[in-house]
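Since chain H is already given, all that's left is putting chain G on it; use the hints.
2 protein chains.
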Amino acid sequence: MYQNAFFTLALFLFLSLAVSAQHGWEEVAPGVWKIVVGTPDDFDLLSAAAVPPRLEGLRKLGAAPFPLDSAQIVGEVTENQTQLRLPLVREEQIFGFGLNFKTVHQRGRILRLHVDHYGNSDNGRTHAPVPFYVSSEGYGVFVNSARYIDVYAGTGSRQDSPDPPEARDRNTDNAWTARPYSDAVEMRIPVGGVEVYLFAGPTPLDAVRRYNLYTGGGPLPPRWGLGFTQRVHRLFSDEQVRQEVQEFEDRGFPLDFVGLEPGWLSKSYPNTFVWDSGRFPDPEGFMTDLKKKGIRINLWVNPFVSPESPIYNDILPYTGTHTVWAGVVPDFTIPAAQQVFWGIFEREHLAKGVSGYKIDEVDGYDEWLWPDVARFPSGISAEQIRQTYGLLVQKQSADLYRKKNERTYGLVRASNGGGTSFPYVIYNDYYNHRDFITALINSGYAGVLWTPEARASKSAEEWLRRMQTVVFSPMAMINAWASGTKPWSFPEVEAEVRQMAVLRMQMMPYWYTEFAKYHHEGTPPFRGMSLEEGFAVGSGPLTIADSEADLETNPYAEAVRKEVKDQYMAGEYLLVAPMFEGETTRQVVLPAGRWYDFYSGEFVGEGEVITVTPGLDKIPVFVKDGALIPLTDARLHAPGNGEKYNLEVRHYGEKPGEYLLYDDDGETFDYERGAYSWRRLSVTRQKNGSWKGEVSNPEKGKPNNLSTVSWRFMTARQAL
Amino acid sequence: MYQNAFFTLALFLFLSLAVSAQHGWEEVAPGVWKIVVGTPDDFDLLSAAAVPPRLEGLRKLGAAPFPLDSAQIVGEVTENQTQLRLPLVREEQIFGFGLNFKTVHQRGRILRLHVDHYGNSDNGRTHAPVPFYVSSEGYGVFVNSARYIDVYAGTGSRQDSPDPPEARDRNTDNAWTARPYSDAVEMRIPVGGVEVYLFAGPTPLDAVRRYNLYTGGGPLPPRWGLGFTQRVHRLFSDEQVRQEVQEFEDRGFPLDFVGLEPGWLSKSYPNTFVWDSGRFPDPEGFMTDLKKKGIRINLWVNPFVSPESPIYNDILPYTGTHTVWAGVVPDFTIPAAQQVFWGIFEREHLAKGVSGYKIDEVDGYDEWLWPDVARFPSGISAEQIRQTYGLLVQKQSADLYRKKNERTYGLVRASNGGGTSFPYVIYNDYYNHRDFITALINSGYAGVLWTPEARASKSAEEWLRRMQTVVFSPMAMINAWASGTKPWSFPEVEAEVRQMAVLRMQMMPYWYTEFAKYHHEGTPPFRGMSLEEGFAVGSGPLTIADSEADLETNPYAEAVRKEVKDQYMAGEYLLVAPMFEGETTRQVVLPAGRWYDFYSGEFVGEGEVITVTPGLDKIPVFVKDGALIPLTDARLHAPGNGEKYNLEVRHYGEKPGEYLLYDDDGETFDYERGAYSWRRLSVTRQKNGSWKGEVSNPEKGKPNNLSTVSWRFMTARQAL
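Chains as they are written, first to last, in our numbering: chain H, 1 to 720; chain G, 1 to 720.
Which residues of chain G face chain H? A few of them, derived with a C-beta cut under 8 Å, are:
(1) T78
(2) N80
(3) Y152
(4) S157
(5) P164
(6) P165
(7) N171
(8) T323
(9) V373
Derived from the structure by calculation, the hints contain no laboratory data. The beta-carbon is built from N, C-alpha and C at its ideal position, and this holds for glycine as well.
Okay, chain H solo, but in the shape it has when bound (with noise of 0.2 Å):
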């Protein structure tokens, strides 16, 4: 046992200094380090979304440098684990490890990062467990792993900590804690190495940024994806569909593309994967009508294969040992998988024009999907299949749009690191409205998109209240396939839904634009105030100590110290701040600089707390000083390919604003190959005090689908 001690002890000291040299670390693009601790896997969270990085997003952000102190960063690999160390200041905030659902300051916290649906409990299970976290001070770390990561986030104290607690008498010591001060941020990881890396600043954005760019940034849906969607009852008919279709359309509702649940296959869980003849005779007459229409079609999967499907002989030799509901679980890590699995996508559904999927059960429960226990015949273990297979079915089921040269954009259970650029929202059946707000904070920081789905509602009141945050959200589903609840469900309130729905619609240059920046920048079209200039000052934990000073001196500097977890970034201007079931009035924690009402253009604040009492009919956006938001015309389908549109430009606020509006075809991959554009927006002041608004002129050989170009004012009269 001593020799062993011994043993551990002499790597444990050579992996160190190997570790945390500076110069162990290299730089592999500017503002992002990686480094090897011992021996990792050969497959991990990367090579399963095998996304290149966006090298010119990330030059673009430029050169920044190494964010820590290496010689405080320690890597050491002991009896088949790897253990990692990075340091943490005593004022220092971090958020992350992926898409959590009641906490957004993860400083204290203990996860184990595990692929699952999600169980009521920030502990590190669920839908996207994405190992990446970013500090206040400004920097990312991300471990690429595709194993269950046990985190410390600033719990565990050392002997030889340079900074450690100290030790008190709970007998008699009002300051005794029974969570003493914690310096630092470990992990363990079960396999002897693993890959880390590190991105720059100087901002906590800036961080994000590089992660996002570095997993390939985020994803360009087709404008249609930024529509409204609506999933229909499990067993709808071809006929029932099309009824349904026609309702929206009589009312006024706004519909960009409908959802199939299992009644579109002959058998489901597991699954043939081929059309219900009955209720789905002609799928491609059906979906031809459809698309004449502006409506497209998505199809619920999920990826577990009946005996009895056409692929079953082919698909056996390349599954798992366990079966889920008596189907076989498909290796998508072997390249014979992939070809006979999607081949039948392709067959049936693609060329017949299915325009998106979403993708069930990829993420747990432990009861249904396989064990740990279970094999596969890659060899790769049950454990990184867990982890990954939501990576892969996105992976490669965007694929098949790509080699189309057609967007996708649809829903899926599960995500992991490396995710950025798929084109899907996870979704789930949790359905508490704070939480899934908090949860679309926390997408921000972890890579991924997510919806807080409108399903169904307890009062029209609530019904309204999930509308409006659906409306300010990566995708506006309504997800009824269970309650059949539509759009004007409930009379009372149908005229302030399609209100909101019609907002949403005229948004669409905004939404487009801020997703192109996702894409091309990495900046996440929705993100928690952390992430925001003004607001991140004054950040870190909170202790008893400052926040009862902070009260009474400075509410707002405990505000933002404070976890805030029901508001958010919406794109570059707008701060939504929801309201929820039973609220009447609510506080907004407004960061630094002056702000707008995004209705009526007046000055509501600057870096300050303010109570809000909104109408009903009203969920509460914010917006900068000098902001410009593109708006189009009310229409209830996005513009198709070449469709021109409409712009009416807003001005918010006492500064002159500029704004640089995306533009492409809205459905190819043409936008890849250099076919997309940039038109500068910009309002200055006139000598005579008015506002100018003025449009740049569109690039030879670039999309131009603008037709007329008006502005709007929003702040003129307080300016004047």
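Then chain G, alone, in the frame of chain H:
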């Protein structure tokens, strides 16, 4: 990757052959088999406990056939992991996997066995996550590993299953289920090998007995350990303790030992392990005085060493990398650490008269204890230290008393497989009365003891109901250090509480004998109904189909098939069915055979579900036909070494009966050197139909503490 696959597969085949051949199993004791899969750790649960098997007891149980088809038991080692598979048949139910609080039937559950505080869900994190299970088919399985073990207790379905579930169409088939049938228990141990033990029946109770005997047999507490104990306020001085002791005596409440909380220490959390000279100026005199009154002292401790402790510098070289509350964490696997740490206990505590300990915080929480990335000088992993810390402190503290030839009986927050023989009862800070009873039931499958302590109550009714279950448990503890509750705190039930406390003392001969059976024969003194002969019949998982059938045709079969987690067996003869606050009536499931009321002796039923409506003053207790229950006089303190006591033997039912009464000096380990006796009590029917009771003569040179013996035939009138 493919090579990797072939390698894995080859290894798999080789090992499964190696393991599944029955000659791979070594019979290490009668009815106990062991197999070694791969290369296990040197340090495991049994080496941590370091207790020899009670071969004498195992020989008495005798030989038995290998209980499973060894060809169906598969052990595999892949990439530094061990995977186990054991077969299940359709109707089989399994019990165990440690101290669960909400469930008794474990088939269909997924657990990660991890020593921790109980977090309100049966997920494997508990104070004693013992990797042992027993089957309704009459065998037991123990995995001797100190790693976190993932258990799939009949959840995964395999392609190669001889009896796989059938694929169904969820769209239209109502018989579709989210959790199809599984024919195996599978486990994953994160190391390259383990020892697996198999325990024969024929009955489930025999398998439990064999496990308990193989791990050393149950502890035999000193007689005083089975009396009452009160824990006093954490900052009480010696004078305040004397006053509390006096009040127990004045009010006529039994009391055998008093627990001192952290205030006895000069500093705590972390601890100096020396007395606070202010509150306890003369510990030795204090304890000597109390012992004269028949009262002993138990000390709260946790093992984390304060920089201000006299042993700090000596223990430092043998402590882990991480601190707990800024105290250092001894590596108890190192002999030098044991000498330093327990040395101060001998000098400061035992030498001055301390009779036992309450060892706190050796279980969890993760936020408090060392993280799994910590390292210890022995080279044993933090995970293994976590899994065995409770075993190590129990073993090493118990050995201090063995050295003095003085028995102890204390409290501990953590145990594990192998800890059966340690004289400690598990406690925690969870406080659900119903779940406490379920935990008491599960303790009987896990080789541990648990107390449903009374701590505080919202009402007189709750207080009385909790005191009633305390009386029928391994330790009659009032843990009122925080609440200050006394037995008489609710005047309206003071008389009823006293009556129950007195009953506990009267039953001392029965309790003491039943613990002797735990020690010599391995029979848990408190255990679940599924271990009762007449009950096991018809057990097994309740399927929707047969439950519906049974509800109409056979409510009893359905009742025993259902999870029964609110009634239990106390010793050989007694069935205890506790009442919970708010209840005036309840159902009780009686095993086959005739049963009688404990208080009146009246017949109540046989092999059926009865409904009882006891008064507030009674806890429903039922007695087997032919039972003999030995009682003694009411007294406030348990009989001391060599103290004589009177016996009243109660006979129940219509059958003759026989009972072996255990006796020894009640305080030392001389019984291990033969200084004990089994006196035969028997009741036979006379020609005239009346009962006759006889007691065998004392054996020469054996302890004999009986003075008068009287007989009471509880069911006599019905019998005549």
